[in-house]
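Visitor: These protein sequence lines are chains X and Z, in that order.
Mapping the first sequence onto the numbering used here, position 310 (from 1) lands on 310, and the numbers just tick up by one.
Each number in the numbering used here comes from the position in the second sequence (counting from 1) with 1000 added on.
Check each hint, because a few of them may be wrong.
[Said to hold, decoys possible] A short, non-exhaustive set of chain Z residues, derived as facing chain X with CB atoms under 7 Å: (1) G1067; (2) S1069; (3) T1071; (4) D1075; (5) V1168; (6) S1220; (7) L1251; (8) P1293; (9) G1294; (10) P1295; (11) M1308; (12) R1309; (13) C1315; (14) L1387; (15) I1392.
[Claimed, not checked] Every beta carbon over 12 Å from chain Z, so not counted as near; a handful from chain X, in silico: (16) G56; (17) R179; (18) A284; (19) V296; (20) D312; (21) P375; (22) L387; (23) D388.
Honestly, the hints are just simulated from the structure, not real lab data.
Even for Gly, the Cβ is constructed at its ideal location relative to N, Cα and C.
There are 2 protein chains.
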Amino acid sequence: MTDFLPNARDARAALLPLVNGELDDERARRLLAVHAWSCLIEPGDAIAGRLVSTMGHEEALAAAVAGRSPTAALDAAGITSRTWQEALKRWLPRVNERAMRDALDVARRAGVSLLTPEDPQWPASLADLGDHAPLLLWVRGDLGRLSDPTPTVALVGARASTSYGEHVTMEIAAELVARGVAIVSGAAYGIDGAAHRAVLTAGGTTVAILAGGADRPYPSGHAHLIDGVAQSGAVVSEVPCGSAPTKWRFLQRNRLIAALADVTVVVEAGWRSGSLNTAGHAAALGRALGAVPGPVTSPASAGCHRLMREFDAQCVTSADDVVELLGGPTPTLFDMPPVQGPGERTDDVTRVTDAMSFRAPRETSDIARRAGLTPEEVTAILGLLTLDGSVIRAEGGWRRGRTGVPVP
Amino acid sequence: MTDFLPNARDARAALLPLVNGELDDERARRLLAVHAWSCLIEPGDAIAGRLVSTMGHEEALAAAVAGRSPTAALDAAGITSRTWQEALKRWLPRVNERAMRDALDVARRAGVSLLTPEDPQWPASLADLGDHAPLLLWVRGDLGRLSDPTPTVALVGARASTSYGEHVTMEIAAELVARGVAIVSGAAYGIDGAAHRAVLTAGGTTVAILAGGADRPYPSGHAHLIDGVAQSGAVVSEVPCGSAPTKWRFLQRNRLIAALADVTVVVEAGWRSGSLNTAGHAAALGRALGAVPGPVTSPASAGCHRLMREFDAQCVTSADDVVELLGGPTPTLFDMPPVQGPGERTDDVTRVTDAMSFRAPRETSDIARRAGLTPEEVTAILGLLTLDGSVIRAEGGWRRGRTGVPVP
């Protein structure tokens, strides 16, 4: 089936403009097989994923195209005979050597590069997708962006965004850029576009994952924006160049956004927005998930509130909140066992307030020493006590506030 | 110290208009002692609370007024000698027999009733406040309201509310009334007032807890509204009639709001709003806590978002969400162990979709039977699958949606 470029010289000539590093005949054949697979399957096909990781791309491809059942490999991959036959029914109608050759040609002309897991620039985070990981990526722009260790946030949301949502997206995106965070999104109208645009304006790094071919800006109204993304960051797709975006490919594209980001933040989303799918992938991958609240009267925020309620998405109101998600969960007051409301002053609370002055601000460490508590305990209690003004953050530390009444 | 009405007949005459049920000399003396205590202390004084529950009101009062140290009782109550002396310094300057008599007189003229824990109408939920529970309540309106088992929600929020916040408050309040829920709030300007007003308009039951005397509408601009609350529900305070509201009394009043409600919902609150104090009490009491999100650009919603982030407040967007909090936590998708995003279809997900039809809607129980799963598991999976449209709720149950692409 890699017969679509049977001559080793032709194969190397077709691939050379698309790849980095050495390209011997063996690698060329392997890359052709990977490409062929990506032409046969839809993104996220776990049967193909399991088979190629069991047999290797070339052998698996040969078996599939010949309609053979590689029984030992199927058993090892846990693929039943029925599933295999179903898979063949999906794949074999797509065998089209001409289309496979053409896709490489389109990629070359569009300046799109081929990245596979054997490349050093392959993003390691995609391994979390398991059998559903992409077999390859087509990249327009800076290949190195995908594997560099910059903290990365997915900022995504509804196409049908409001000016509120776009405003918040741009604020958060610009602030994140200022803190050296890279932004991944889907280049769609609405929130995605606002995110990419704000990053480019702020001179940051942004990556767009497309549902169709990387050569094919979608939506076309964002062609200029997507060009800009390719110039400063990268435009990425797992489907062959020339492919159209489809509903399924959008849903699968979303898993790449979630997997490539450390944190996914949904800024606005309707009750059934596709962004919820991205959020679902992020949660399934164990990535931190945030959602920006909005008016409960705004349908464009209904999906965000749903994420908070049903998916335990963290409420994100600013870039600071996103940075907190990037740093992993920080303990909240209620993770501390015995701290209670100001009306129920526990001994520890009393010890903290006793260790503080109304006039002279004291550092947390100083308060901890005087109170005989750990600085972490003191920090949590101080956080609680700020709520009713009984302590106040001041230059040089913390001091007590005057509530005007004796503390019981 | 109950010498302020030394004659048993005078005492009964003063109390009779204020109480329900039989009033013999013994009860009269006890009630006078309770009232005297409430004149000596600030709300929530745990030292007084511990002492009276150890010694009884009358004996404790006699000891305090005489400046004696009832050593055995103090030991039993865990009150140190130093704490006791400090407490006496707070209490003794307030001994004023004339003021105590006058307070009863004001109560009588204002039609305010005295409620103590020995009355059947005493709200049992206040016991959760422990040593900080009020010693008595002054009630203007329907005494029975406080102890009836109607589900009760505290709707509270900033005085500096926005029209958005007031709108949402009124929507939620009216909807909750339609479902037979009673609303507690603090009668303040802004969110509190909108909540009471909406309940009165909807013909529901509402209770206002005041920081000053129950005879004394505060703020005065809400005098008419508070009269309305007293007529249809109850206006409640724990401080003697005629008392002015103070900062401390507002904070302690908040603990009563939180304790009297099954659920506390903060609709709008600034970053340091007093409503956060009510929320803190609710959380400390183990009551369910909700917060209504708003634009992250609105300072009036900043406290609500903070409650979600730091206090694990549930995101509340509608009366439905409040009712869910009233019913206790319902399992969310992520409480279910193995359900993942649509891209990662697990066997259970496949079994559910296999058990469904594209055309004929099926009941959850029917799907569960066909799939060999529990109805709870099916419900959780269906909830997840609605996100990307792979299942659709239809008349008579659920059916599969067409995503237009083969499911891997």
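Visitor: Each hint needs a verdict: does it hold in this structure or not?
Guide: Here is how each hint holds up against the structure:
{"no.": "1", "hint": "G1067", "in the structure": "18 Å, violated"}
{"no.": "2", "hint": "S1069", "in the structure": "19 Å, violated"}
{"no.": "3", "hint": "T1071", "in the structure": "22 Å, violated"}
{"no.": "4", "hint": "D1075", "in the structure": "18 Å, violated"}
{"no.": "5", "hint": "V1168", "in the structure": "6 Å, holds"}
{"no.": "6", "hint": "S1220", "in the structure": "21 Å, violated"}
{"no.": "7", "hint": "L1251", "in the structure": "6 Å, holds"}
{"no.": "8", "hint": "P1293", "in the structure": "3 Å, holds"}
{"no.": "9", "hint": "G1294", "in the structure": "6 Å, holds"}
{"no.": "10", "hint": "P1295", "in the structure": "6 Å, holds"}
{"no.": "11", "hint": "M1308", "in the structure": "4 Å, holds"}
{"no.": "12", "hint": "R1309", "in the structure": "5 Å, holds"}
{"no.": "13", "hint": "C1315", "in the structure": "4 Å, holds"}
{"no.": "14", "hint": "L1387", "in the structure": "5 Å, holds"}
{"no.": "15", "hint": "I1392", "in the structure": "10 Å, violated"}
{"no.": "16", "hint": "G56", "in the structure": "21 Å, holds"}
{"no.": "17", "hint": "R179", "in the structure": "18 Å, holds"}
{"no.": "18", "hint": "A284", "in the structure": "4 Å, violated"}
{"no.": "19", "hint": "V296", "in the structure": "4 Å, violated"}
{"no.": "20", "hint": "D312", "in the structure": "6 Å, violated"}
{"no.": "21", "hint": "P375", "in the structure": "19 Å, holds"}
{"no.": "22", "hint": "L387", "in the structure": "5 Å, violated"}
{"no.": "23", "hint": "D388", "in the structure": "5 Å, violated"}
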